[in-house]
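Knowing the structure of chain A, use the given hints to seat chain B on it.
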Amino acid sequence: MGIRFILMVNKQGQTRLAQYYEYLTIEERRALEGEIVRKCLARTEQQCSFVEHRNYKIVYRRYASLFFLVGVDNDENELAILEFIHLLVETMDRHFGNVCELDIMFHLEKAHFMLEEMVMNGCIVETSKSNILAPIQLMDKAS
Amino acid sequence: MEQLKTIGRELAMGSQGGFGQSKEFLELVKSIGEARSKAEEDRIVLREIETLKRRLSDPDIPKRKMKEYLIRLVYVEMLGHDASFAYIHAVKMTHDDSLLLKRTGYLAVTLFLSDDHDLIILIVNTIQKDLRSDNFLVVSAALSAVCKLINDETIPAVLPQVVELLSHPKEVVRKKAIMALHRFHQKSPSSVAHLVSNFRKRLCDNDPGVMGATLCPLFDLIAADPNSFKDLVVSFVSILKQVAERRLPKAYDYHSMPAPFIQIKLLKILALLGSGDKQASEKMYTVVGDIFRKCDSTSNIGNAVLYECLCCVSSIYLNPKLLEGATEVISRFLKSDSHNLKYMGIDGLGRLIKLSPEIAEQHQLAVIDCLEDPDDSLKRKTFELLYKMTKSSNVEVIVDRMIDYMISINDNHYKTYIASRCVELAEQFAPSNNWFIQTMNKVFEHAGDLVNVKVAHNLMRLIAEGFGEDDETADTQLRSSAVQSYLRILGEPKLPSVFLQVICWVLGEYGTADGKYSASYITGKLCDVAEAYSNDETVRAYAITAIMKIYAFEIAAGRKVDMLPECQSLVEELSASHSTDLQQRAYELQVVIDLDAHAVAVIMPPDASCEDIEIDKDLSFLNNYVEQSIEKGAQPYIPESERSGALNVITLRSQDQHEASSHGLRFEAYELPKPPVPSRVAPLTSSTELVPVPEPSYPRETYQAATISSVLDAGPSELKLRLDGVQKKWGRPTYSSSPSSTSTSSSQKTNGVAQDVASTVASSKSRETYDSRKPQVEISKEKQKLAASLFGGSSKTERKTSTANQKVARSSSSHVAEKPQVQKVATVVTDIAADRTNHQAPPDLLDLSEAAAVSAPPSIDPFKQLESLLDPAPVTSVVNNGSDGASKTPDLMGLYGDSALSGQSSSLGFNVNVTSESSNATGTDLGRGTAYPAQFSKGPSTKDSLEKDAIVRQMGVNPSSQNPNLFRDLLG
Chain A
1 MGIRFILMVN
11 KQGQTRLAQY
21 YEYLTIEERR
31 ALEGEIVRKC
41 LARTEQQCSF
51 VEHRNYKIVY
61 RRYASLFFLV
71 GVDNDENELA
81 ILEFIHLLVE
91 TMDRHFGNVC
101 ELDIMFHLEK
111 AHFMLEEMVM
121 NGCIVETSKS
131 NILAPIQLMD
141 KAS
Chain B
1 MEQLKTIGRE
11 LAMGSQGGFG
21 QSKEFLELVK
31 SIGEARSKAE
41 EDRIVLREIE
51 TLKRRLSDPD
61 IPKRKMKEYL
71 IRLVYVEMLG
81 HDASFAYIHA
91 VKMTHDDSLL
101 LKRTGYLAVT
111 LFLSDDHDLI
121 ILIVNTIQKD
131 LRSDNFLVVS
141 AALSAVCKLI
151 NDETIPAVLP
161 QVVELLSHPK
171 EVVRKKAIMA
181 LHRFHQKSPS
191 SVAHLVSNFR
201 KRLCDNDPGV
211 MGATLCPLFD
221 LIAADPNSFK
231 DLVVSFVSIL
241 KQVAERRLPK
251 AYDYHSMPAP
261 FIQIKLLKIL
271 ALLGSGDKQA
281 SEKMYTVVGD
291 IFRKCDSTSN
301 IGNAVLYECL
311 CCVSSIYLNP
321 KLLEGATEVI
331 SRFLKSDSHN
341 LKYMGIDGLG
351 RLIKLSPEIA
361 EQHQLAVIDC
371 LEDPDDSLKR
381 KTFELLYKMT
391 KSSNVEVIVD
401 RMIDYMISIN
411 DNHYKTYIAS
421 RCVELAEQFA
431 PSNNWFIQTM
441 NKVFEHAGDL
451 VNVKVAHNLM
461 RLIAEGFGED
471 DETADTQLRS
481 SAVQSYLRIL
491 GEPKLPSVFL
501 QVICWVLGEY
511 GTADGKYSAS
521 YITGKLCDVA
531 EAYSNDETVR
541 AYAITAIMKI
551 YAFEIAAGRK
561 VDMLPECQSL
571 VEELSASHST
581 DLQQRAYELQ
591 VVIDLDAHAV
601 AVIMPPDASC
611 EDIEIDKDLS
621 FLNNYVEQSI
631 EKGAQPYIPE
641 SERSGALNVI
651 TLRSQDQHEA
661 SSHGLRFEAY
671 ELPKPPVPSR
681 VAPLTSSTEL
691 VPVPEPSYPR
701 ETYQAATISS
711 VLDAGPSELK
721 LRLDGVQKKW
731 GRPTYSSSPS
741 STSTSSSQKT
751 NGVAQDVAST
761 VASSKSRETY
771 DSRKPQVEIS
781 KEKQKLAASL
791 FGGSSKTERK
801 TSTANQKVAR
811 SSSSHVAEKP
821 QVQKVATVVT
831 DIAADRTNHQ
841 APPDLLDLSE
851 AAAVSAPPSI
861 DPFKQLESLL
871 DPAPVTSVVN
881 NGSDGASKTP
891 DLMGLYGDSA
901 LSGQSSSLGF
911 NVNVTSESSN
921 ATGTDLGRGT
931 AYPAQFSKGP
941 STKDSLEKDA
951 IVRQMGVNPS
961 SQNPNLFRDL
971 LG
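Chains as they are written, first to last, in full-length UniProt numbering: chain A, 1 to 143; chain B, 1 to 972.
Excised from the complex, chain A in its bound form (with noise of 0.2 Å):
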């Protein structure tokens, strides 16, 4: 499977986008989320980005306010995850320019379509820039 969940998560602990990869139910995805973001947030500069919790682990990177944090199976390998992230967001950055906190949250489907593209199935896909992107300028201009 490999990533199980991706969250997008600011500074006070509010979710400003979420993609399971296995159904949850809103409360099972409440808690989930309470107390990962919990853990993770309170975690300094220094320790590193890697948190297990329960059975699986949490890659995690910060951008200005925001937070990525991406649940990930135990075999997967951390480093590769948080260049993932990393990947993700400088796809953001090309399409929205500068990206930040309030592009994705009025712009919450297309970071959604960007992930679909991305990732399927919990596993990666697709990494370059431009094919991640290509389907979803065509739908703005197409309207």
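Just so you know, the hints here were simulated from the structure itself, not pulled from any lab data. Be careful, since some hints might not be right.
Stated by the list, open to error - Below, computed lysine-lysine pairings styled on DSSO-like, alpha-carbon distance capped at 27 Å:
| no. | chain 1 | residue 1 | chain 2 | residue 2 |
| --- | --- | --- | --- | --- |
| 1 | B | LYS230 | B | LYS321 |
| 2 | A | LYS11 | A | LYS110 |
| 3 | B | LYS354 | B | LYS388 |
| 4 | A | LYS110 | B | LYS38 |
| 5 | A | LYS11 | B | LYS38 |
| 6 | B | LYS92 | A | LYS110 |
| 7 | B | LYS335 | A | LYS57 |
| 8 | A | LYS141 | B | LYS129 |
| 9 | B | LYS379 | A | LYS39 |
| 10 | B | LYS63 | B | LYS30 |
| 11 | B | LYS65 | B | LYS23 |
| 12 | B | LYS278 | B | LYS388 |
| 13 | B | LYS38 | A | LYS57 |
| 14 | B | LYS53 | A | LYS110 |
| 15 | B | LYS321 | B | LYS354 |
| 16 | A | LYS110 | B | LYS23 |
| 17 | B | LYS38 | B | LYS53 |
| 18 | B | LYS63 | A | LYS110 |
| 19 | A | LYS141 | B | LYS65 |
| 20 | B | LYS65 | A | LYS110 |
| 21 | B | LYS354 | B | LYS391 |
| 22 | A | LYS39 | B | LYS415 |
| 23 | A | LYS57 | B | LYS388 |
| 24 | A | LYS141 | B | LYS23 |
| 25 | B | LYS63 | B | LYS92 |
| 26 | B | LYS278 | B | LYS230 |
| 27 | B | LYS283 | B | LYS321 |
| 28 | B | LYS379 | A | LYS57 |
| 29 | B | LYS442 | B | LYS415 |
| 30 | A | LYS57 | B | LYS187 |
| 31 | B | LYS278 | B | LYS354 |
| 32 | B | LYS170 | B | LYS129 |
| 33 | B | LYS454 | B | LYS415 |
| 34 | B | LYS170 | A | LYS141 |
| 35 | B | LYS388 | B | LYS335 |
| 36 | B | LYS354 | B | LYS415 |
| 37 | B | LYS53 | B | LYS23 |
| 38 | A | LYS110 | B | LYS170 |
For chain B alone, kept in the frame of chain A given last:
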């Protein structure tokens, strides 16, 4: 001011090129952004739900408006509230003709619904239609939805179409079709079992994206059955080689690393295929070695690939040269200041340690640094490593550390985990009985409620059976030291129930065995336990039975028994207890006390918990009685299975409800609630108590039952007749099955322990104990001491005793006397470590947090240097490959080149633009806006960012910030 705000908002809309975002939507986002607490956010969302309900009841909503409502609903669910009232609108939107609306509809549906939701059936039809669409974007949107919404029941509805799409002219469609099949494989492997050849075919797809995606299903297939895919080793190796040699389009580069995510996936696959297979592994050595040599070790992504190489090396058939490469990577990781790399290094060490144990010794100090690091993640990873390298020579230090850590944490999940690890290690490597008991005491004391009950039974058995098989005095010593420690521990308040059960049992069996303590002292203590934990029936049952045993031993030994007054009142209280089990025990106690010495010696022989006893499973001693009864006209017994339907049998077997069988009721209905009926608990507790070491004392019980029928009020006679009761209580299937199974499994274990320990005791005694008792003079270099005790393996002890006697001395005394000092030094060390990390700027080029943003220029420079350094490498490699790559394998580069060209010339012109990417060398330059082709970027001009900042402030998303650059962009 108000005006300014609106302008800001319009600007926000304008600059995003947003379509039709209404004021309402902006207000919603603004208020959510401004929410200061979860409660406030909840209020906003609840109000929004009301608004949306009202709006959605409107019969004709413009489609654009509807799209916005859907996004608002996504917000509602994302923030933890139910939006099920509007799911149907999301479903409806998937029918829409407009691509954007359709895709938004699909998105909302995939976010809202699980794949077994009732509404899915309404979407399957739409998906089928969309899969046939001429517009490849519609097809691709539908395929994305397929991956989330189709479950094993609906697979057949779309499978033929998905298979057809595998040869679609558009690569994005082929890619998603492959992933849809992957999803089907995850959901129901049999549904796509006949399509495996398609995965193999797509591996040779012209498009690298499709090839990369195909690796995902292949990885799953190979993990399940590596042997069927051994023929693909050559293909994977050649693909990896070409990827590593930069023959994929530049668009796949990430931070000047050629397609690192594909490389990592390939290495994962090779690790699976090469595991335990020398022939397959040999084909991989060259390419893995090449990557080790060439990989950029200064970037995060380079290290990610190196780490994956390391994992691969540790999994495939051993190659000394590659192992050397892996060792180098590990030492670089461990020496790094980045905690991330240290973490990966420790993990890698854990992987390599089984191949070459001496690697750990090279990095002793680094490992200890990590162990003492305040970072929990790092610490846990290190414990994981220590667990893997535990042996009899270092088990004491490691388990001590683990227990200290276990005591210090609150996370029950991890506490349970580490407690079980401690128990496992202690059982496996215990150097002495005494240590084992002390360790178990600590584990029980601090995590008693979290450990498995089996562990308690193991401990009791161990104390009963002893370690040294032929050394009776050692066993006696063990028992009296256990009794002593338990009497001491009983003074502590609030002990876990499981631990108390062990204590009671041991005190009952051996409390008076060595004559140190009088019967009245022990029984007094036991009464205190029963008093103090009066709401724990199990503990009380253990305590009362222990008291009975003590008195029985006294009577058997011919001493007069004076029951303590508190004991008397306890027995009286229990005889009137609500729990029939406790009542029975109390009555048994009263009867036993009145028997004469001989009878008591027969029913309760001292120290007989380990005697073997034969169990008469057929209850043949009742035959006479049965025959007599039948002669008198009683009904013969008909076995349960012949009497009732299969259903009943099953429920009976699974449940040991005694009364159930006597009434001819249906049992299924009663199963669910499982109320804690005392009558159900009672037999269980009695089983665990009277049969704590199930095998041995069980027969004693039967014997008891046979001889004193008065105690078990006419039990035997009834037992034969009401056979289900017998089954439950004495017979095979239910009652005895669980204890006996645990006993067999655990007795094997203890045997193992006994052997292990016997050998280790012998060896460690001869080796260490004498030196270690020396008083220690110098207290310097605590860390080295710890290192020595951890890493100074048995293999090295000889050398050590000759060269550095002190080391050994320290190693074993560290946990005896030096505790406080060790901790002190540990804190000092960590302080220093913290200082160090504070002073040094993190060399992490890619971490673009605020701090890094300030020092951006220096962090860019090395990157460029790197590029120039790396430049020659690919050139030579391409030359190299030209000869062998072309001759051996189909030249993928050529194919990819073709596709790239065709992409460029295609009318849509969005395809991989190799030239623009490569000329734009700064494109890798930490993702700054300028670097990108102009059409995408708004440019990082200060004006832009100031405007954005202004909006941000108005929106109140982050009003606390003073720094206008903070929100310039996420990338610093």
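For each hint, the structure was consulted:
1. LYS230(B) with LYS321(B): Answer holds: LYS230(B) to LYS321(B) is near 23 Å, not above 27 Å.
2. LYS11(A) with LYS110(A): Judged against 27 Å, a Cα distance of about 22 Å means the pair holds.
3. LYS354(B) with LYS388(B): 8 Å, holds
4. LYS110(A) with LYS38(B): Given pair LYS110(A), LYS38(B) holds - Cα atoms ~26 Å apart, limit 27 Å.
5. LYS11(A) with LYS38(B): 13 Å, holds
6. LYS92(B) with LYS110(A): This hinted pair holds, its Cα atoms lying about 20 Å apart.
7. LYS335(B) with LYS57(A): Satisfied, since the Cα-Cα distance of roughly 24 Å is no more than 27 Å.
8. LYS141(A) with LYS129(B): With Cα atoms ~24 Å apart, LYS141(A) and LYS129(B) stay inside 27 Å; holds.
9. LYS379(B) with LYS39(A): 16 Å, holds
10. LYS63(B) with LYS30(B): Roughly 23 Å separates the two Cα atoms, so the pair holds.
11. LYS65(B) with LYS23(B): 12 Å, holds
12. LYS278(B) with LYS388(B): Distance of about 25 Å is within 27 Å: holds.
13. LYS38(B) with LYS57(A): 25 Å, holds
14. LYS53(B) with LYS110(A): Given pair LYS53(B), LYS110(A) holds - Cα atoms ~25 Å apart, limit 27 Å.
15. LYS321(B) with LYS354(B): 17 Å, holds
16. LYS110(A) with LYS23(B): 19 Å, holds
17. LYS38(B) with LYS53(B): Given pair LYS38(B), LYS53(B) holds - Cα atoms ~22 Å apart, limit 27 Å.
18. LYS63(B) with LYS110(A): Holds, at about 18 Å.
19. LYS141(A) with LYS65(B): With Cα atoms ~19 Å apart, LYS141(A) and LYS65(B) stay inside 27 Å; holds.
20. LYS65(B) with LYS110(A): Between LYS65(B) and LYS110(A) the Cα gap is close to 17 Å, so the pair holds against 27 Å.
21. LYS354(B) with LYS391(B): Given that 27 Å is the threshold and the Cα spacing comes to 13 Å, the pair holds.
22. LYS39(A) with LYS415(B): Roughly 16 Å between the alpha carbons, so the hint for LYS39(A) and LYS415(B) holds.
23. LYS57(A) with LYS388(B): This hinted pair holds, its Cα atoms lying about 20 Å apart.
24. LYS141(A) with LYS23(B): Since the Cα atoms of LYS141(A) and LYS23(B) sit roughly 24 Å apart, the hinted pair holds (cutoff 27 Å).
25. LYS63(B) with LYS92(B): 11 Å, holds
26. LYS278(B) with LYS230(B): 12 Å, holds
27. LYS283(B) with LYS321(B): Given that 27 Å is the threshold and the Cα spacing comes to 14 Å, the pair holds.
28. LYS379(B) with LYS57(A): 15 Å, holds
29. LYS442(B) with LYS415(B): 13 Å, holds
30. LYS57(A) with LYS187(B): The given pair, whose Cα atoms are some 23 Å apart, holds under the 27 Å limit.
31. LYS278(B) with LYS354(B): Status holds; Cα separation ~18 Å.
32. LYS170(B) with LYS129(B): Roughly 18 Å between the alpha carbons, so the hint for LYS170(B) and LYS129(B) holds.
33. LYS454(B) with LYS415(B): 17 Å, holds
34. LYS170(B) with LYS141(A): Within the cut-off at roughly 19 Å; holds.
35. LYS388(B) with LYS335(B): 21 Å, holds
36. LYS354(B) with LYS415(B): 26 Å, holds
37. LYS53(B) with LYS23(B): Distance ~18 Å between LYS53(B) and LYS23(B) Cα, so the pair holds.
38. LYS110(A) with LYS170(B): 22 Å, holds
Of the numbered hints listed earlier, not one is contradicted by the structure.
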